[in-house]
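The listed protein sequences correspond, in order, to chains A and B.
Count along the first sequence starting at 1, add 683, and that's the number in the working numbering.
Count along the second sequence starting at 1, add 683, and that's the number in the working numbering.
If you are wondering where the hints come from, they were derived from the structure by calculation, not from laboratory data.
Where a beta carbon is used, it is the ideal one built from N, C-alpha and C, also for glycine.
You may find that some hints are simply not true.
[Said to hold, decoys possible] Beta-carbon label-pair distances, calculated as ranges:
1) B:E1030 to A:K841: 52 to 60 Å
2) A:R1081 to B:K701: 30 to 38 Å
3) B:E1030 to A:G713: 48 to 56 Å
4) A:A1100 to B:Q1096: 54 to 62 Å
5) B:N1089 to A:D804: 28 to 36 Å
6) A:K924 to B:K721: 54 to 62 Å
7) A:P1034 to B:G713: 31 to 39 Å
[As the list claims (entries may be wrong)] Chain B is nowhere near these chain A residues, computed Cβ spacing over 12 Å in every case:
8) K746
9) T828
10) A942
11) H1087
12) R1131
[Said to hold, decoys possible] Straight-line C-alpha distance at most 27 Å; calculated DSSO-like pairs for lysine-lysine:
13) B:K1111 to A:K1086
14) B:K921 to A:K1111
15) B:K1118 to A:K1111
Below, each chain spelled out in residue letters.
Number of protein chains: 2
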Amino acid sequence: MDDGIDMSEGLRPFFEPKSVVIIGASRTPGKAGYEIIKNILANEYEGKIYLVNPKAKEILGFKSYSSVKDISDVIDLAVFIIPADATVQALKECAEKGIKAVVIASGGYAEVGEDGASLQDEILKIARESGVRIIGPNTSGITSTPNKLTTTFFPLGKIRRGPIAYVAQTGNFATHTMKWILTGENFGVSRVVGLGNKCDVDDAEVLEFLGEDPETKAVMFYIEGFKDARRLLEVAKKVSKSKPIIALKGGRTTAGIQAAFSHTASLASNDALVDALFRQAGIIRVQNYSDLINVAKALAFQPIPRGKSLALLAPSGAMGVIAADTCESLGLKVAELSENTLSRIREISAPWITIRNPVDIWAAVTTQEVETAYRVGMEAVLDDEHIDAIVVILLMTREIGPKHLNFIPEVSQRYKAKPVLVTITGDKELYEEAKSFLETRAIPVYYRLEDAFEALAIMYRCGQNLW
Amino acid sequence: MDDGIDMSEGLRPFFEPKSVVIIGASRTPGKAGYEIIKNILANEYEGKIYLVNPKAKEILGFKSYSSVKDISDVIDLAVFIIPADATVQALKECAEKGIKAVVIASGGYAEVGEDGASLQDEILKIARESGVRIIGPNTSGITSTPNKLTTTFFPLGKIRRGPIAYVAQTGNFATHTMKWILTGENFGVSRVVGLGNKCDVDDAEVLEFLGEDPETKAVMFYIEGFKDARRLLEVAKKVSKSKPIIALKGGRTTAGIQAAFSHTASLASNDALVDALFRQAGIIRVQNYSDLINVAKALAFQPIPRGKSLALLAPSGAMGVIAADTCESLGLKVAELSENTLSRIREISAPWITIRNPVDIWAAVTTQEVETAYRVGMEAVLDDEHIDAIVVILLMTREIGPKHLNFIPEVSQRYKAKPVLVTITGDKELYEEAKSFLETRAIPVYYRLEDAFEALAIMYRCGQNLW
């Protein structure tokens, strides 16, 4: 950083390596040095893969080398899955070999005490002298879907490509939370970075890379402690003008602070100062772990609303009341609909009901097909200039639910500037079917009614930075 | 009410009728008068079923009568699925026949304007003079699982029996929300009451019945407006000393109040007064619709915690930090574990990690089977006298998750006084399997990490009324 390296170019070998070497490859299924190879293969990495393990001749069909020095090809990225005490030697060899980027997955450094800390200082010194850049140590590393690469050893399989980046001071988002996203959600990621001990590359530098990354539309952060808060502030200030940055700060309660200290040796931050820092930086702070998934999904699929005026389509009066309360208690607005909008909905509705926002769409279902009622309702409110976004509450049962949901992505496509979010009541099995159908067509679906509104409220805050 | 009827006895024919007549039975699938019969059959009602429809001779194998007067047997409960203007005549006939309880499902009364309101007054007058009690009009009516009966016309199928009662000023909880509970959850209900326009039977009277109902362990309310707030206060004060009463008040924001007025003609309540009323009455107020399901599940399966000191078992350091923050920001406490507890967990853990609460259980997984790690961890913290409840965060993948979850209900059974709640990260498909396995063994599982803590925080507030 201090010697004027182009940071952003400096991270390119991590995300776009043409060749990668796993130092500490293993023949044993379940071991990190084996699972990482499985993950790389599952993601169909198109660059060259080299393995180093002096005790093996071949692993998973690849030749295994005794040392990185024995490999004649140029190598862009090395991943270390070796004991801490073997790192210095390996790092020196990588430097000699001209490798510019190293992910140190293994632990046993600053997080375990003084000996580890001085070892970490030593490897940092080697890196600085040789120009090698390090992510980690103690990290799940990097995922870069445009390059079909992951350095994660947690069994993930194929990682879905998409516009969301995760940067976390924990392996969670490259490991079990990523598995949750891959199996329970339908949006994809561009880059995932587990920063680990941040001995070299830190949040700010990664954010700078992501700010200019055409593959990344929004950045989700999990942070326990700040390495260089001032620099993060500077970079975020710039990036947040063009891309949403959402952050969950771990360690905001007494118990959380203590846990964060045990976890990443992060020192307590004054929570009001964190608020102030994030606000200045244009980082949208969230308080729930789930938000990091729910908001990512909305940002992956839908535009950011231009304002906070919502229309709600509900399948019953009570759901309308509940949704209206949820909406307004989160700072969003249940907007008044124009006379034209109201009359378009009245035309298809039973006469005994007062049409207003939230729209009780069941008043139309008594005279129309469920599908028609929802479709006409959606079009009417999306045409309304007072409306910035809509939440549709679908009622689904085998007997009465909208069986053909195609109209939802179809309508949404025609109103590109206004986000459409869906939540569902009724039959849980149909929820799963509908979620899969709609989300693979870019309509985010929420299990919990409140989550749709929370995602929209956070998206609205993102928009405040953009225009 | 005013003439000294034993209220509580007065509702018995609604919940425990030995015979029921559907006035307005229909031959047409999809129509309310047909679906109600399907629901009654699906629930295997053991009493006698009579149908009235002058245009039909037989429906679904049952004889159809022209009038209730033609039925010679004694009838306990009548359900009206007939147009509003046919109610007066039908009600008079029911009174003559000696029927004591009538559910008026049909709409077209006070909720549609002045004419409807005077019709509603007229039927109330008939009821008062004849001693017939009415639930409704404009309601999905009654479900009473111990008696295998429902008067709901929304296609529900078999309704699972359990200890939770729902009382709602909306059909939601007897219709699509009940479908959601039946298909997405695993707990059961005792009684479900959709109060509709509350022309006669109201919240207070139902609550009095439920207070003495041995089938009901907790009461979940959805209220938009109060009929007789003073009486509700009196009854709730008594009932809340022995059973949790949880309530969501619809209409707490400007938009919600307007929507509630359109929905049930409920007038705005000063929200601070609602708070005060609930507090005095021992009613636990919740703010989210989802809470009415999440808390019900916890109360159905687990004991109420004696205090707010929690132990958390997490599969990673970051999940521990996140869980600790969630726990404490909801007013619960991440308790200090006793030395004995810590050393029991240390014994099975890798030496490099500091054991504390939240317990990073993955430190034990490096030396133990996942199952053993979690089991020993659970036992250690449940034995700790400082701990009132635990939240277990399971990490599940095909490769590394606890494959045999039987130990969780087994351990929970041995510590009956301390609630155990579970949330899951990792593979979503395994989440579904685990949820089904655990919940059918009385361990509540939450999709969203935050929901487990929110449910516990609300349970803790329930406990404050009980001891």
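Tested hints:
Distance hint for B:E1030 and A:K841: a CB-CB separation of about 39 Å, inconsistent with the stated range 52 to 60 Å. Between A:R1081 and B:K701 the C-beta distance comes to about 32 Å, which sits within the given range of 30 to 38 Å. Separation of B:E1030 from A:G713 is about 24 Å and departs from the stated range, judged on CB atoms against 48 to 56 Å. Checked against the hint of 54 to 62 Å, the pair A:A1100 and B:Q1096 passes, with Cβ atoms roughly 55 Å apart.
For B:N1089 and A:D804, the Cβ-Cβ distance of about 48 Å falls outside the hinted range of 28 to 36 Å, so the restraint is violated. Distance hint for A:K924 and B:K721: a CB-CB separation of about 59 Å, consistent with the stated range 54 to 62 Å. At about 21 Å, the CB distance of A:P1034 to B:G713 disagrees with the hint of 31 to 39 Å. With a least CB separation of 26 Å from chain B, A:K746 remains clear of the 12 Å interface cut-off, as annotated.
Its beta-carbon lying about 19 Å from the closest one in chain B, A:T828 satisfies the requirement of being farther than 12 Å from that chain. With a least CB separation of 4 Å from chain B, A:A942 falls inside the 12 Å interface cut-off, contrary to its annotation. Its beta-carbon lying about 18 Å from the closest one in chain B, A:H1087 satisfies the requirement of being farther than 12 Å from that chain. At the 12 Å boundary, the C-beta of A:R1131 falls inside the reach of chain B, the nearest C-beta of that chain being 5 Å off.
Note on B:K1111 and A:K1086: the hinted pairing holds, with a Cα-Cα distance of about 25 Å set against a maximum of 27 Å. A distance of roughly 36 Å separates the Cα atoms of B:K921 and A:K1111; the hinted pair therefore is violated under the 27 Å criterion. Between B:K1118 and A:K1111, the direct Cα distance comes to roughly 14 Å. Compliance with the 27 Å bound is thereby established for this hinted pair.
This entry does not satisfy hints 1, 3, 5, 7, 10, 12, 14, going by the numbered hints stated previously.
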